[in-house]
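Trainee: Got chain A; can you put chains B and C on it based on the hints?
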Amino acid sequence: MEELLRGVEGFMYPNEVELQWSILIVIYPFVTGLVAGAFILASLERVFNVEAVKPTYRLALLTALAFLLVAPLPLQLHLGHPERSFEMFLTPHTSSAMAMFGFVYLWYLLAVLVLEIWLDYRQDIVRWAEEARGIRGLLYRALTLGSRNVSAEALRLDDRAGRIITIVGIPSAFLLHGYVGFIFGSVKANPWWSTPLMPVVFLFSAMVSGIAVVLLLYVILSRIRRRPVDMACADTVARYLFYAFLVDFSLEMLDLVHRIYEADESFRSLDFMVHTRLYVPHIVVQILLGTLLPIGLLALTQVLRLEPGWRLRLYVSAACLTLVGIFAMRWNVVIGGQLFSKSFLGYTTYKLAFAGREGLLPALFTLVLPLGILALLLRLLPPWEEKAPAA
Amino acid sequence: MKRNRREFLQHGGVLLLLTGASSLAWEHVAAGEPEAAPGYDETAHWWAMAIDIERCIGCGNCVRACKAENDVPLEPFYFRTWVERYAVPAGDPEHPAAESPNGGFDGFPPAAPGEGIKRFYVPKLCNHCAHSPCVQVCPVGATFETRDGLVLVDKNYCLGCRYCVQACPYGCRFIDPRTRTVDKCTLCAHRLAKGLTTACCEACPTGARRLGDLKDRKDPIHRFLAQRPVHVLKPHLATGAKVYYAGLDGSVR
Amino acid sequence: MSRSPSPSAHLLRMALLFAAGLVVFLAVRALLVPQGFGRYGHYRPGAAEENRARPLHHAGEAACADCHGDVAEAKAPGPHAGVHCEACHGPLKVHADDPEAVKPALPAVPALCLRCHREDGAKPKGFPAVDGSHGGGEPCLGCHKPHDPRIS
Numbered sequence: 001m002e003e004l005l006r007g008v009e010g011f012m013y014p015n016e017v018e019l020q021w022s023i024l025i026v027i028y029p030f031v032t033g034l035v036a037g038a039f040i041l042a043s044l045e046r047v048f049n050v051e052a053v054k055p056t057y058r059l060a061l062l063t064a065l066a067f068l069l070v071a072p073l074p075l076q077l078h079l080g081h082p083e084r085s086f087e088m089f090l091t092p093h094t095s096s097a098m099a100m101f102g103f104v105y106l107w108y109l110l111a112v113l114v115l116e117i118w119l120d121y122r123q124d125i126v127r128w129a130e131e132a133r134g135i136r137g138l139l140y141r142a143l144t145l146g147s148r149n150v151s152a153e154a155l156r157l158d159d160r161a162g163r164i165i166t167i168v169g170i171p172s173a174f175l176l177h178g179y180v181g182f183i184f185g186s187v188k189a190n191p192w193w194s195t196p197l198m199p200v201v202f203l204f205s206a207m208v209s210g211i212a213v214v215l216l217l218y219v220i221l222s223r224i225r226r227r228p229v230d231m232a233c234a235d236t237v238a239r240y241l242f243y244a245f246l247v248d249f250s251l252e253m254l255d256l257v258h259r260i261y262e263a264d265e266s267f268r269s270l271d272f273m274v275h276t277r278l279y280v281p282h283i284v285v286q287i288l289l290g291t292l293l294p295i296g297l298l299a300l301t302q303v304l305r306l307e308p309g310w311r312l313r314l315y316v317s318a319a320c321l322t323l324v325g326i327f328a329m330r331w332n333v334v335i336g337g338q339l340f341s342k343s344f345l346g347y348t349t350y351k352l353a354f355a356g357r358e359g360l361l362p363a364l365f366t367l368v369l370p371l372g373i374l375a376l377l378l379r380l381l382p383p384w385e386e387k388a389p390a391a
Numbered sequence: 392m393k394r395n396r397r398e399f400l401q402h403g404g405v406l407l408l409l410t411g412a413s414s415l416a417w418e419h420v421a422a423g424e425p426e427a428a429p430g431y432d433e434t435a436h437w438w439a440m441a442i443d444i445e446r447c448i449g450c451g452n453c454v455r456a457c458k459a460e461n462d463v464p465l466e467p468f469y470f471r472t473w474v475e476r477y478a479v480p481a482g483d484p485e486h487p488a489a490e491s492p493n494g495g496f497d498g499f500p501p502a503a504p505g506e507g508i509k510r511f512y513v514p515k516l517c518n519h520c521a522h523s524p525c526v527q528v529c530p531v532g533a534t535f536e537t538r539d540g541l542v543l544v545d546k547n548y549c550l551g552c553r554y555c556v557q558a559c560p561y562g563c564r565f566i567d568p569r570t571r572t573v574d575k576c577t578l579c580a581h582r583l584a585k586g587l588t589t590a591c592c593e594a595c596p597t598g599a600r601r602l603g604d605l606k607d608r609k610d611p612i613h614r615f616l617a618q619r620p621v622h623v624l625k626p627h628l629a630t631g632a633k634v635y636y637a638g639l640d641g642s643v644r
Numbered sequence: 645m646s647r648s649p650s651p652s653a654h655l656l657r658m659a660l661l662f663a664a665g666l667v668v669f670l671a672v673r674a675l676l677v678p679q680g681f682g683r684y685g686h687y688r689p690g691a692a693e694e695n696r697a698r699p700l701h702h703a704g705e706a707a708c709a710d711c712h713g714d715v716a717e718a719k720a721p722g723p724h725a726g727v728h729c730e731a732c733h734g735p736l737k738v739h740a741d742d743p744e745a746v747k748p749a750l751p752a753v754p755a756l757c758l759r760c761h762r763e764d765g766a767k768p769k770g771f772p773a774v775d776g777s778h779g780g781g782e783p784c785l786g787c788h789k790p791h792d793p794r795i796s
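Protein chains in written order, with my numbering: chain A, 1 to 391; chain B, 392 to 644; chain C, 645 to 796.
Calculated directly from the structure, the hints in this document are not laboratory data.
Treat the hints with caution; some may be incorrect.
Stated by the list, open to error - Simulated crosslink set (DSSO-like; lysine-lysine; CA at most 27 Å straight-line):
| hint | chain 1 | residue 1 | chain 2 | residue 2 |
| --- | --- | --- | --- | --- |
| 1 | B | 458 | C | 747 |
| 2 | C | 747 | B | 585 |
| 3 | B | 546 | A | 188 |
Here chain A stands alone, though its shape is the one from the complex:
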């Protein structure tokens, strides 16, 4: 702890020296961002009838579910009293953006994501309920809710219901991640956070990261299944990634240019911080590697006529860089916002422990666990018809 004091440059209010929100609070918006973005991609097919992305539709929904199930974990690890977190359901303080977390989360998980997955898979669930045995069979039979009616009428109803849920789901996804942006954007005490652009920037970077992760998973899973990648699908998804990225980048540049231009009291402090302690995470990782480079790679694929192998390589590279860049963006907002003093007279450091409740190890676990859950979901609710089983 004393190390922290030595890391202080200039003056920090004594209570500010130790950071309050750790890497876990970086991970939470990153994960809910993936959820919101993956869902938006899925809704492209359902609501806007973009047929080309159909191969990724179910994968996007399952990805969203896997990450959403893990989303509360970093928060629980962070809370001083996780056993009291249900108080948010008992006495939510309506003036606090954070208070809506419990309700928005439950709403989105149950009323949107779970329902949509159930409705889309129902026909298959009924078939699996008859074919499968053992615990898996039990699971499918329970999922049918006792009704194996998959007549044309039933399916039509399912499709309609699914459509309505998706339409409701889009603003719900915006809310699920937008409120996180508002949590930061509404803190007048912190000029790095306090901007009306914050929820919008969060949302667009969420869409970018969600689309990127689904694209990446689709390509990886196709490799694992030894199936060819549907290039029309990959091209379309990559195109949407490109567009979303352009908007996201423009918004972030708008924020930056506005700050530099107005150069208010906080600017000197923030500018210094970005050029010193935040230089690598912000300039190098977020902007250069995580935004400009993937935008450039994607632009190449739009402008040049490349053969599919090369296009795929560029898509995968861009997607990986994007995920790193969006993580860095969350890092720079959350950690960056706490590195400078609210007196604008000094800076502190963030000591990331390896173990411990808020250390690197549990943080990595929260990022890896959703992939494990996704693997399970892919087994239970396979998104694609397997014509010939992979060897």
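Mentor: Leaving out everything else, chains B and C in the frame of chain A:
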């Protein structure tokens, strides 16, 4: 849908378990209100503090008294009140230097000599804002403003999410590592309820810190506010801060 | 289960599940919300009382004057009139509650005096501050009485 049902059951089961496990603590929380200070009428007071910069000598008595009175951890990261020393170069008021070694707990070492540098002490504490941003952001209602104008923390209800610490513009909140909940200056509510002054005001040898009751017409704070040039910290944030500084230099953050 | 359910049966059953869940949630919530929450604001009224129930450690000047009226009188005309007893002697509620059982240790001089009076470049104008040369090495108490430090 089994997953749905399973989740409901799981959530319900966990809820029941937690309720059972923490029933002891919860009984205390759920029960009525123990009478700690019978005869103290919240609605008869509206507390504030008057700080006279021209009297503060940076002795650190207030910091020590507060830590003793309120059982605050002694490490240099946890302060309900602290003292800062400013050094403002005469020609450059926009670039002051400030320091607060261990919050002023051990006083201050002699300052390095320098020409044309204005130095002074600034005691800081929770401003018990009338429009408190920390109360606004608490997700569950674990921090609140009382009817006598104090912003307090409910240690039995606080989740330790630290949103209020982020929202406070003055840096007056911290997490108590022992309870893992938020802690901050309570304006010695336990002393005010018994007609005593705060520990920091009790210990201040020069009268730089003085508790004031804005509802008491006879309180000297009214004359203080009427006659001295008075500032609050960060007025542009409109927090309704109730700690009034007389003689505060414009460079103070 | 063998009779074929209607095309919308599963939707209705799901809706029922949701409704049941809502009812359970509301019931549990009603049980767990603390009594009186929200009476004066969005908080548990007991919390304010809990804050007021904390133990005292400083007795306050008035309590000292009860037994040590002579000291209060000695202080009154001098520049330390506004310096409360516990500012130098530390928190002494335990002593005030049981004067025989707890005898406070006298604070160490000159460390105590220098805590306030050492010149450090930031003292306000007019405040009596001294540096190492003051008194020519004489102990503080050689010339000053702590309760009324004026040199007569």
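Trainee: Now tell me, hint by hint, if it's right for this structure.
Mentor: Evaluation of the provided hints:
1. Taking the CA atoms of residue 458 of chain B and residue 747 of chain C, the gap is about 21 Å. The hint holds against a cut of 27 Å.
2. Distance restraint check for residue 747 of chain C and residue 585 of chain B: the Cα-Cα separation of roughly 25 Å lies within the 27 Å cut-off, and the hinted pair is therefore satisfied.
3. Between residue 546 of chain B and residue 188 of chain A, the direct Cα distance comes to roughly 25 Å. Compliance with the 27 Å bound is thereby established for this hinted pair.
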